[in-house]
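Colleague: Next come the chains, spelled out residue by residue.
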Amino acid sequence: MTPRPLTRRRYVFTILVWMAVWLIVSAAAVVVGGRLWAWPSAAQVWDVLWLRLEWVATASAVGAALALAGLAMQALLRNPLADPYILGVSGGAGLAFILASLFVGAAAAPALAFVGALATVGLVYGIARRRGRLEPYTLLLAGVILNAFYAAAIMLVTAVVRPQERGDIALWMMGNIGAFGPQWELIGVVAAAAVGAGILFAFLAKGFNLVAMGEDTAGALGVPVHRLRLAAFVAASLVTGASVALAGPIGFVGLICPHILRMVLGPDHRRLVPASFFFGATFLVLADLATCLSEGAAIPAMPVGVLTALAGGPFFIYLLRTRWRKRLEIR
Amino acid sequence: MCRTRSTLLLRAACAAALALAAGCDDSAAPGASSAGAAAPGPGSASAAPAAGEGAAAPPMRILSLAPNLTEILFAMGLGDHIVGRTTYCLHPPEAAALPAVGDTLHLDLEAIIRAEPTLAFTVTRLPETVRRLEGLGIRVVPVENDRLGELREAIATIGRETGRPEAAAALLKTIEADLAAVRGRVAGLARPRTLFAFPMTVGSPRIMIAGRGSFVDELLDVAGAENAYPDAADWPTVSPQQVVAMQPEVVVINAAVPGPAGRDEAIRRGWESLSSVPAVRDGRVYVLPEAYLTIPGPRVGQAARVLAETIHPDLAGEAAP
Chain A
1 MTPRPLTRRR YVFTILVWMA VWLIVSAAAV VVGGRLWAWP SAAQVWDVLW
51 LRLEWVATAS AVGAALALAG LAMQALLRNP LADPYILGVS GGAGLAFILA
101 SLFVGAAAAP ALAFVGALAT VGLVYGIARR RGRLEPYTLL LAGVILNAFY
151 AAAIMLVTAV VRPQERGDIA LWMMGNIGAF GPQWELIGVV AAAAVGAGIL
201 FAFLAKGFNL VAMGEDTAGA LGVPVHRLRL AAFVAASLVT GASVALAGPI
251 GFVGLICPHI LRMVLGPDHR RLVPASFFFG ATFLVLADLA TCLSEGAAIP
301 AMPVGVLTAL AGGPFFIYLL RTRWRKRLEI R
Chain B
1 MCRTRSTLLL RAACAAALAL AAGCDDSAAP GASSAGAAAP GPGSASAAPA
51 AGEGAAAPPM RILSLAPNLT EILFAMGLGD HIVGRTTYCL HPPEAAALPA
101 VGDTLHLDLE AIIRAEPTLA FTVTRLPETV RRLEGLGIRV VPVENDRLGE
151 LREAIATIGR ETGRPEAAAA LLKTIEADLA AVRGRVAGLA RPRTLFAFPM
201 TVGSPRIMIA GRGSFVDELL DVAGAENAYP DAADWPTVSP QQVVAMQPEV
251 VVINAAVPGP AGRDEAIRRG WESLSSVPAV RDGRVYVLPE AYLTIPGPRV
301 GQAARVLAET IHPDLAGEAA P
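Note that the protein sequences, when read in sequence, are chains A and B. In this text, residue positions in the first sequence follow the working numbering: the first is 1, and each later residue adds one. In this text, residue positions in the second sequence follow the working numbering: the first is 1, and each later residue adds one.
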């Protein structure tokens with residue numbers, strides 16, 4: 001396959017195709033996942049319809065946010081192992097969410113989780129900044145170390161609370177779509193953040209492409225590498241923090257979705273950005289649908305974060321072992 | 001409550017060594033079948049309170065390893081004999097003054113050794129805990145308490161083990177009378193489908209509810225209600241869809257752990273979107289703070305009464321004067 005130039009028509013076509021896939025899957029997930037035809041009264045259908053809409057909206061917003069953040073982190077760090085959680089943001093948001101739930105109240109938890117994410121972004125930036133620049137390796141190390149610290153702090157909290165709360169925390173840490181009680185405002189915030197990051201990254205996509213080829217090359221071609229890094233780092237961290245506040249740390253989506261798309265679409269970030277947005281949303285909606293269906297089939301419901309890793313892992317290995325592998329490189 | 005891992009390991013090692021030593025003592029003095037036999041050594045050395053017993057009987061030092069057992073022991077007049085409790089044993093108020101020896105999962109063996117108990121009551125099904133306590137020369141009596149019938153048996157067992165069968169019989173009689181009184185008051189009333197749920201502390205898409213295998217299910221029956229959850233499981237977790245399918249007419253949410261201000265209102269608000277659920281439509285979602293609703297102890301009659309007066313609001317009015 002020879003790379004074709006990206007015309008405006010092809011760009012719009014890419015966006016429309018991935019958006020159509022997402023819309024179709026979402027509509028199916030509302031109807032099928034809610035088993036809307038099986039309810040005896042119209043009032044019940046209405047309730048379940050709203051529940052399913054809310055959960056599909058949650059899955060879409062979180063999936064899109066995580067896939068975009070993963071794509072940006074991988075490009076920013078030039079590391080295929082990078083995911084949205086690699087810079088410690090999820091740990092900061094998670095610790096703040098758990099502490100807030102226990103001591104301040106469930107209503108305040110998402111907002112405080114976002115504050116935790118912001119504080120972590122500042123901390124990582126402060127640690128990794130050297131002479132006004134963000135060094136990828138220092139950034140990576142700062143994130144990994146902070147993650148380990150937060151994980152220990154969460155374990156400490158888990159160890160000292162009551163058994164019932166211990167169970168709740170463990171479940172939350174697996175990543176879940178939906179809460180007992182409506183969360184539309186929060187879904188709106190995450191969706192807006194994801195759309196904002198998508199638009200920002202769409203403008204930065206050319207820069208991502210050039211940085212992926214090598215920083216020096218990019219610099220020589222006039223790309224403001226450090227500002228690009230800073231923008232990607234801050235935007236990706238913010239959407240990640242917001243999505244953790246909404247659904248907990250759902251693993252694997254941010255790591256795997258960009259890679260799958262690289263294999264399918266090639267390395268051009270101009271197409272990868274919109275595709276990641278919609279594919280991440282689609283991926284998580286499908287995972288949420290699978291948990292709903294398994295529950296309908298009397299299989300104990302799985303937290304969606306467990307399912308994404310269980311199903312995504314083998315699928316990714318399959319891609320890795322077949323002809324798709326060649327297209328994996330971030331370049 | 002919990003120390004660092006290294007302290008825990010150290011403590012476990014010490015405990016194991018002590019358990020080993022205690023085991024040796026036992027084998028050296030065979031025939032120590034009764035709890036009292038091992039007591040004179042350490043018991044007399046620590047100048048334990050006489051606790052009103054005759055000089056002949058060795059002092060009975062009881063370790064109570066569950067909140068309901070502590071309540072039962074106090075109700076039987078054995079509070080003076082308790083030398084250790086769990087961190088969750090907070091009722092009656094006198095219990096809170098006793099030394100805590102950890103919770104049901106993590107026992108502080110050092111504190112237990114310091115308390116020098118001779119007899120331990122526990123609800124645990126972990127054979128390891130029982131073995132470890134027995135290794136310390138403590139007579140361990142595990143009891144079941146998942147159903148009301150098991151609670152009755154547990155009280156009888158405690159009476160037998162402590163040599164107070166009359167006190168146990170009296171307590172059983174009181175409980176039966178309490179339950180019968182509630183049953184009498186709801187007799188002939190409609191039995192609404194009721195869901196008994198817990199709030200989730202940390203955000204989650206599911207809630208834990210009382211299934212038909214729990215003693216709360218029996219309390220709902222006594223209180224004149226039908227459990228809205230149809231299956232036999234004891235404490236299942238359910239999704240909002242399942243709640244919509246169950247169509248409960250009353251929802252009781254037991255928010256026993258003290259929470260921040262406005263929590264109960266937030267819990268109720270969480271249900272508002274399920275408008276097809278009769279309990280939501282009729283404004284019959286109640287948040288009850290009483291911790292004893294789920295403690296299978298002497299206050300089950302009281303719990304049944306609170307449930308009955310919540311589920312049948314007319315009853316509360318007639319009881320007030």
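Hints listed in this document are in silico derivations from the structure and should not be mistaken for laboratory results. It cannot be assumed that every hint is accurate.
[Said to hold, decoys possible] Reference excerpt, derived from the structure (chain A facing chain B, CB under 7 Å, subset only):
#1 P40
#2 L51
#3 W172
#4 N176
#5 G178
#6 F180
#7 P182
#8 A205
#9 N209
#10 D216
#11 T217
Computed from a predicted structure; not experimentally measured. Yeah, the Cβ is synthetic: ideal placement off N, Cα and C, and Gly gets one too.
Colleague: Hint by hint, note whether the structure agrees.
Modeller: Taking the hints in turn, this is what the structure says about them:
no.: 1; hint: P40; verdict: violated, 9 Å
no.: 2; hint: L51; verdict: holds, 5 Å
no.: 3; hint: W172; verdict: holds, 5 Å
no.: 4; hint: N176; verdict: holds, 5 Å
no.: 5; hint: G178; verdict: holds, 4 Å
no.: 6; hint: F180; verdict: holds, 5 Å
no.: 7; hint: P182; verdict: holds, 5 Å
no.: 8; hint: A205; verdict: violated, 34 Å
no.: 9; hint: N209; verdict: violated, 39 Å
no.: 10; hint: D216; verdict: violated, 46 Å
no.: 11; hint: T217; verdict: violated, 45 Å
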